[in-house]
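Visitor: On the provided structure of chain A, position chain B as indicated by the hints.
Line by line, the protein sequences are chains A and B. Counted the way my numbering counts, the first sequence spans residues 308 to 701. Counted the way my numbering counts, the second sequence spans residues 100 to 236.
Check the hints yourself; a few may be wrong.
[Said to hold, decoys possible] What follows is a set of in silico ranges between Cβ atoms, one per label pair, in the way DEER data are often shown:
hint, chain 1, residue 1, chain 2, residue 2, range
1, A, M308, B, D198, 24 to 32 Å
2, B, T222, A, D575, 54 to 62 Å
3, B, D198, A, H411, 19 to 27 Å
4, A, L331, B, A101, 27 to 35 Å
5, B, A101, A, R673, 19 to 27 Å
6, A, D662, B, I226, 57 to 65 Å
7, B, V119, A, P491, 51 to 59 Å
8, B, Q150, A, D431, 52 to 60 Å
9, B, Q150, A, R572, 51 to 59 Å
10, B, V119, A, I490, 43 to 51 Å
11, A, D662, B, D198, 34 to 42 Å
[As the list claims (entries may be wrong)] Which chain B residues face chain A? A few, computed with CB under 7 Å, are given here:
hint, residue
12, V117
13, A132
14, K133
15, I137
16, K139
17, G158
18, C159
It should be emphasised that the hints constitute simulated quantities derived from the structure, not laboratory data. Each residue gets a CB set at the ideal place from its N, CA and C atoms; glycine is no exception.
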Amino acid sequence: MIYADNAATTPMSPAARETMVSLLDTCWGNASSLYLHGQRARESLENARAEVASLIGAQAREIVFTSGGSEADNQAIRSAAALGKRQGKTHIVSSAFEHHAVLHTLKALEKEGFTVTLVDVHHDGLVRPDEVAAAIRDDTCLVTIMYANNEIGTIQPIREIGAICREKGVLFHTDAVQAVGHIPVDVVEDNIDLLSASAHKFHGPKGVGFLYARRGVALTSLIAGGAQEKGKRAGTENVPAIAAMATALREAVDKMEARRAYLTRLGDRLMDGLGQIPHSALNGDREHRLPGSVNFCFEGIEGESLLLLLDDRGICASSGSACTSGSLDPSHVLLAIGRVHDVAHGSLRLTIDEDVTEADVDAIIRETADVVAYLRGFSPIWRDLMAGKKQFIL
Amino acid sequence: MALYSEKVMDHFRNPRNVGVIEDANGIGEVGNAKCGDIMKMYLKIEDGVVQDVKFETFGCGSAIASSSMATELIKGQPLSQVKKLTNKAVAEALDGLPDYKMHCSVLAEEAIQSALADYQRRTGNPIDDGENEKGTV
Numbered sequence: 308m309i310y311a312d313n314a315a316t317t318p319m320s321p322a323a324r325e326t327m328v329s330l331l332d333t334c335w336g337n338a339s340s341l342y343l344h345g346q347r348a349r350e351s352l353e354n355a356r357a358e359v360a361s362l363i364g365a366q367a368r369e370i371v372f373t374s375g376g377s378e379a380d381n382q383a384i385r386s387a388a389a390l391g392k393r394q395g396k397t398h399i400v401s402s403a404f405e406h407h408a409v410l411h412t413l414k415a416l417e418k419e420g421f422t423v424t425l426v427d428v429h430h431d432g433l434v435r436p437d438e439v440a441a442a443i444r445d446d447t448c449l450v451t452i453m454y455a456n457n458e459i460g461t462i463q464p465i466r467e468i469g470a471i472c473r474e475k476g477v478l479f480h481t482d483a484v485q486a487v488g489h490i491p492v493d494v495v496e497d498n499i500d501l502l503s504a505s506a507h508k509f510h511g512p513k514g515v516g517f518l519y520a521r522r523g524v525a526l527t528s529l530i531a532g533g534a535q536e537k538g539k540r541a542g543t544e545n546v547p548a549i550a551a552m553a554t555a556l557r558e559a560v561d562k563m564e565a566r567r568a569y570l571t572r573l574g575d576r577l578m579d580g581l582g583q584i585p586h587s588a589l590n591g592d593r594e595h596r597l598p599g600s601v602n603f604c605f606e607g608i609e610g611e612s613l614l615l616l617l618d619d620r621g622i623c624a625s626s627g628s629a630c631t632s633g634s635l636d637p638s639h640v641l642l643a644i645g646r647v648h649d650v651a652h653g654s655l656r657l658t659i660d661e662d663v664t665e666a667d668v669d670a671i672i673r674e675t676a677d678v679v680a681y682l683r684g685f686s687p688i689w690r691d692l693m694a695g696k697k698q699f700i701l
Numbered sequence: 100m101a102l103y104s105e106k107v108m109d110h111f112r113n114p115r116n117v118g119v120i121e122d123a124n125g126i127g128e129v130g131n132a133k134c135g136d137i138m139k140m141y142l143k144i145e146d147g148v149v150q151d152v153k154f155e156t157f158g159c160g161s162a163i164a165s166s167s168m169a170t171e172l173i174k175g176q177p178l179s180q181v182k183k184l185t186n187k188a189v190a191e192a193l194d195g196l197p198d199y200k201m202h203c204s205v206l207a208e209e210a211i212q213s214a215l216a217d218y219q220r221r222t223g224n225p226i227d228d229g230e231n232e233k234g235t236v
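Just chain B, with the same shape it has in the complex:
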């Protein structure tokens, strides 16, 4: 049995949305080199929707795959949905992670929430918590 699911390996081998957004209006970086994982998320938010998202990650296979999957889950989504993104959703979308790798999905959630908080700080725009919406994220 392989260490990771096919989906993890796919997102690790062919990570989606890799890179930097030069005019990002929300940037979040979490983790530290000491623990061996750093994730940096770049968001381009327009009209309350994530128009573009890119990431850079220093970390293991599941950290890279979690970053990639997280960007896919929020791309094109309204901020109210992005705000609800959990690590569980990331891990499930990857068909699961080994127990000792779950912290990678936590890091992905934290990176996105941190980028979102940065956007709020920059723009002062509150994010509708979307209580009345039906989400897909």
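For reference, chain A alone in the conformation it holds in the complex:
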């Protein structure tokens, strides 16, 4: 099997697994208990907090552990909105291709009286800092722009956007779920006030993530209950999972440069190879992208059938087609970068990691080309395109 869907989730690294399993046995005490067994759990928890913080340039007390990226996004945005509302500021700036954890939270806030401006992400999948600056108003309480897009992999100019927000005195949140552990992230240098991350995207366990909130940015608790996480997140901490996340992030950061070089090379090979398929196109800017993240559209075919046939050939990938989402609309990300429906339905996302070899990449290219040709062979759209009854878009 060639696993090319690492943006969906990653397998746990052996080291993270070892941390987790070992703590499940030895460190099952409640971190809030006073006796030594509980305090051992507390120690593991605080060590993990310090480790995670150091790996993104933060202070330990600025990290709150959550159930994952979605919760962190919800809490970050809700917190900034609550702070804004107190000052009569109810406007938020974001982008059209954010993760639904962000977009749906913003939708909910709109029903509560907030207004939201979504800046253009352009054909290359990149937000323009000057357009963010222009969108900020006197009543803007938050700018939330993702660090790297989960579908097309484009990396946003976060540092510049952060600097603009700092200058204008507006809180800046970034959903960095796809970035943390993959590319260098430093909350201080990047001028970030709030940042969300998820462990299972960097070979940690599922069900755990964290929220960074710069000192002085008061968080609103989403879950009422005990005083865990300094009252910002009730519920007994999952210490083994949190410690495993810290192990995974340490490992990811340590090998980041080597991994980045390797995956950039393989990603280039993949893009070059898939680009040879007639009437195909890369989605998003080629340079500013996560290493190993590739997204293509193939005209005349539909993504779900492509995925099923690739699965038959041992390749795990994903698509932004409507049929993979259970709705009639294809990916909001592809529509946001200006792909029309017809073409957006025929998308393929491949997100590879370092276990993938050059031979695997060549196999992905070969099988994809083969399946695309096969599906086009009985596609009425393809027939019309070839007969000149319809104009090619790609």
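Guide: Using the frame of chain A, we list chain B on its own:
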């Protein structure tokens, strides 16, 4: 559990009656690219019977499987039976479809009915509604 039944996967992987009939006397195309599904059915009707049927589909796994199964259900059948083909029959023959994929079977029914209507337009032949026949479709 897999997304689709074995039967859906079989018809998706090995679709029956794929292609075009050059001298078809009934052609129907339904769906649109915007929604991600287009089905085109070609019928060759002789003596009130579907002598041959072929399809082309742009769509997901269940759209391709539904097209394939629908062609199997009507091949060799009298028009009175073809006229009674429902999406439910297509879905049942596939051992069911996930709820949000039922529209694929609807599309298959519509494609065939549209090809049938095209045949009637071309030939002016009314189709006996077959009230007195016992159907298998």
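Visitor: Does each hint hold? Answer for all of them.
Guide: Each hint tested on the structure:
Look at M308(A) against D198(B): about 29 Å separates their beta carbons, and that is inside 24 to 32 Å. Between T222(B) and D575(A) the C-beta distance comes to about 58 Å, which sits within the given range of 54 to 62 Å. Range check, D198(B) to H411(A): about 22 Å between beta-carbon atoms, so the 19 to 27 Å window is met. The given range of 27 to 35 Å is respected by L331(A) and A101(B), whose C-beta atoms sit roughly 31 Å from each other.
For A101(B) and R673(A), the Cβ-Cβ distance of about 25 Å falls inside the hinted range of 19 to 27 Å, so the restraint holds. At about 59 Å, the CB distance of D662(A) to I226(B) agrees with the hint of 57 to 65 Å. The hinted range of 51 to 59 Å is satisfied by V119(B) and P491(A), whose Cβ atoms lie roughly 54 Å apart. Remark: the range hint 52 to 60 Å for Q150(B) to D431(A) is upheld by a beta-carbon distance near 53 Å.
Against the hinted window of 51 to 59 Å, the Cβ-Cβ separation of Q150(B) and R572(A) comes to about 56 Å, which satisfies the hint. Checked against the hint of 43 to 51 Å, the pair V119(B) and I490(A) passes, with Cβ atoms roughly 49 Å apart. The given range of 34 to 42 Å is respected by D662(A) and D198(B), whose C-beta atoms sit roughly 36 Å from each other. Nearest Cβ of chain A to the Cβ of V117(B): about 5 Å, under the 7 Å cut. The hint holds.
Interface restraint check: A132(B) against chain A, minimum CB-CB distance 4 Å, threshold 7 Å, status holds. Among the interface hints, the one on K133(B) holds; its C-beta lies about 4 Å from the nearest C-beta in chain A, closer than the 7 Å criterion. Interface restraint check: I137(B) against chain A, minimum CB-CB distance 5 Å, threshold 7 Å, status holds. Because the closest C-beta pair between K139(B) and chain A is about 4 Å apart, less than 7 Å, the hint holds.
Interface hint status for G158(B): upheld, as the beta-carbon distance to the closest one in chain A is roughly 5 Å, under 7 Å. Hint status for C159(B) relative to chain A: holds, with the closest Cβ pair at about 3 Å, below 7 Å.
Checked against the numbered hints given earlier, the structure satisfies every one of them.
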